[in-house]
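Asker: Heads up: the protein sequence lines correspond to chains A and B, in order. When we follow the working numbering, the leftmost residue of the first sequence carries the number 1319, and every step to the right adds one. When we follow the working numbering, the leftmost residue of the second sequence carries the number 1319, and every step to the right adds one.
It should be emphasised that the hints constitute simulated quantities derived from the structure, not laboratory data. Hints may be right or wrong, so weigh each one.
No copy labels: a pair is met if it fits in one copy or bridges any two.
What the hints assert, rightly or not - Think about it this way: if two alpha-carbon atoms lie no more than 30 Å apart in a straight line, the pair counts; the simulated DSBU-like pairs of lysine-lysine are:
1. K1433 <-> K1414
2. K1433 <-> K1374
3. K1414 <-> K1391
4. K1449 <-> K1395
5. K1501 <-> K1414
6. K1446 <-> K1433
7. K1374 <-> K1338
8. K1420 <-> K1395
9. K1338 <-> K1501
10. K1354 <-> K1478
11. K1374 <-> K1478
12. K1501 <-> K1395
13. K1338 <-> K1446
14. K1446 <-> K1374
15. K1409 <-> K1433
16. K1338 <-> K1473
17. K1338 <-> K1449
Source: prediction; values computed, not measured.
Protein chains: 2
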Amino acid sequence: MDFKTEFKPITVQPQQIEGKSFEIIDQEIGPHSFTKEQYPIVQRVIHASADFELGKRLLFHPDAIRAGIEAIKNGKKVVCDVQMVQVGISKPRLEKYGCEVKVYISDEDVIEEAKRLNTTRAIISMRKAVKEAEGGIFAIGNAPTALLELIRLVKEGEAKPGLIIGLPVGFVSAAESKEELAKLDIPFITNVGRKGGSTVTVAALNAISLLAERV
Amino acid sequence: MDFKTEFKPITVQPQQIEGKSFEIIDQEIGPHSFTKEQYPIVQRVIHASADFELGKRLLFHPDAIRAGIEAIKNGKKVVCDVQMVQVGISKPRLEKYGCEVKVYISDEDVIEEAKRLNTTRAIISMRKAVKEAEGGIFAIGNAPTALLELIRLVKEGEAKPGLIIGLPVGFVSAAESKEELAKLDIPFITNVGRKGGSTVTVAALNAISLLAERV
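One chain only, chain A, in its complex shape (with noise of 0.2 Å):
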């Protein structure tokens, strides 16, 4: 069989992949306890993941879609803790709202800080972040260390987030600092266990944003 016949009906055209792959989903989902309203984002969690177990993980604060929602539309800053997370989030639909999507890890004034404190990177952009993004979206997909610095600086009353999407990875500190995010009773979404990572934050992000245009 010639190659180029064999696939090109199944991979041209992006909509319908993405249509198929979310009927795939819906079809083997199996049961799940998730609202309406947190359903968009569990179905692009397990499509930018392929793990069902992931995504049926995820965990929502009540208020957490109503929040991620209105911080869009007021136009508040998306923060994430690494380019990854920066570079993935689709722009356009932000844009419209005025949101910037923001990520201080690589600024000189935050390397020179984590030097002279002697931490990590992560750790002193998430101290910067909170004073040029109160009320905004908190995308956290790979450092647990920034995760854990935002939970310390919600509880001293330092940090006021619109909402934090917490899914860092990893076998030390990711799962413990996501069920330290589900103590907080402010919005969140975050996920039970190692899994998570900066494609999987990207979606969540995507997710809500698709949801700000639509309601």
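Following the hints, put chain B in place on chain A, whose structure we already have.
Answerer: Coordinates of chain B only, in the frame set by chain A:
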């Protein structure tokens, strides 16, 4: 307990966190048949995903590691399908050998040509890449269409990659594209199934550049 005190010891030393993570992976991975050369790539993929199933289903062409190291040492280009892969890749190690990390999907000429031919930018970006990056490493973490096009170009003699890291994720074409890659007799790293993505593709590439530095 004071929050700061509780978490500080485990969060401020990134090198320690990585070492501890690798220990946990070694303890939990169980039986496998990866070679000594392949294992560091498996380890970093699991580290980036917290997913043993994904890591243990990696497939290596017998020449993959050697060819990847050689491409880096010869200063060949690293081509990424999407910007998330490009920004995630550690640059300093590659720059030592003169390797550039490229992504063509948002180039003006790629966008124009995709419109003209009514096809995807991912496909056209691979057509451009194979002309500009002969002998390079192709790191495909997102778009099955990019991988399928690259495979086609290899089969038709229009592409001579040094190594293909093909780990796209998804429900439509991703698993199939990787099955096709695994049939080629050229250096590849891929996996079985739907899982994959930008973060694990970055992890595989970074593992190889670390090996290049060590041998």
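Asker: The structure should be examined with respect to each hint, and the outcome stated for every one.
Answerer: Going through the hints against the structure:
In the homo-oligomer, the alpha carbons of K1433 and K1414 lie at most 30 Å apart only across protomers (24 Å), although the nearest pairing inside one protomer, at 37 Å, exceeds that limit. Taking the shortest alpha-carbon separations for K1433 and K1374, neither the intra-copy value of 39 Å nor the inter-copy value of 38 Å comes in at or below 30 Å. Within a single copy, K1414 and K1391 get their C-alpha atoms as close as 9 Å, which meets the 30 Å cut-off; across copies the closest is 45 Å, which misses it. For a Cα distance limit of 30 Å, the shortest separation of K1449 from K1395 inside one copy, 11 Å, qualifies, whereas the shortest one across copies, 40 Å, does not.
For a Cα distance limit of 30 Å, the shortest separation of K1501 from K1414 qualifies neither inside one copy, at 33 Å, nor across copies, at 45 Å. For the homomeric pair K1446 and K1433, the shortest alpha-carbon distance inside one copy (15 Å) is at most 30 Å, but the shortest distance between copies (42 Å) is not. In this assembly of identical chains, the alpha carbons of K1374 and K1338 lie at most 30 Å apart whether taken from the same copy (20 Å) or from different copies (28 Å). Both within a single protomer and between protomers do K1420 and K1395 lie at most 30 Å apart by alpha-carbon distance, with minima of 7 Å and 29 Å respectively.
Only between protomers do K1338 and K1501 lie at most 30 Å apart by alpha-carbon distance; the minimum there is 26 Å, versus 36 Å within a single protomer. In this homomeric assembly, K1354 and K1478 come within 30 Å of each other (Cα to Cα) only inside a single copy, at 27 Å, whereas the closest approach across copies is 48 Å. Proximity of K1374 to K1478 under the C-alpha cut-off of 30 Å is restricted to the intra-copy arrangement: shortest distance 28 Å within a copy versus 41 Å between copies. Taking the closest pair of Cα atoms, K1501 and K1395 come within 30 Å of each other only inside a single copy of the chain (24 Å); across copies the shortest separation is 46 Å, beyond that limit.
When the C-alpha separation of K1338 and K1446 is checked against a cutoff of 30 Å, the pair qualifies only between copies, where the shortest distance is 29 Å, while the shortest distance within a copy is 42 Å. Within a single copy, K1446 and K1374 get their C-alpha atoms no closer than 33 Å, and across copies no closer than 39 Å, so neither meets the 30 Å cut-off. For the homomeric pair K1409 and K1433, the shortest alpha-carbon distance between copies (21 Å) is at most 30 Å, but the shortest distance inside one copy (32 Å) is not. With identical chains, the CA atoms of K1338 and K1473 are at most 30 Å apart between copies only, with a shortest distance of 28 Å across copies and 43 Å within one.
For the identical chains of this complex, K1338 and K1449 are neighbours neither inside a copy (42 Å) nor across copies (33 Å), given an alpha-carbon limit of 30 Å.
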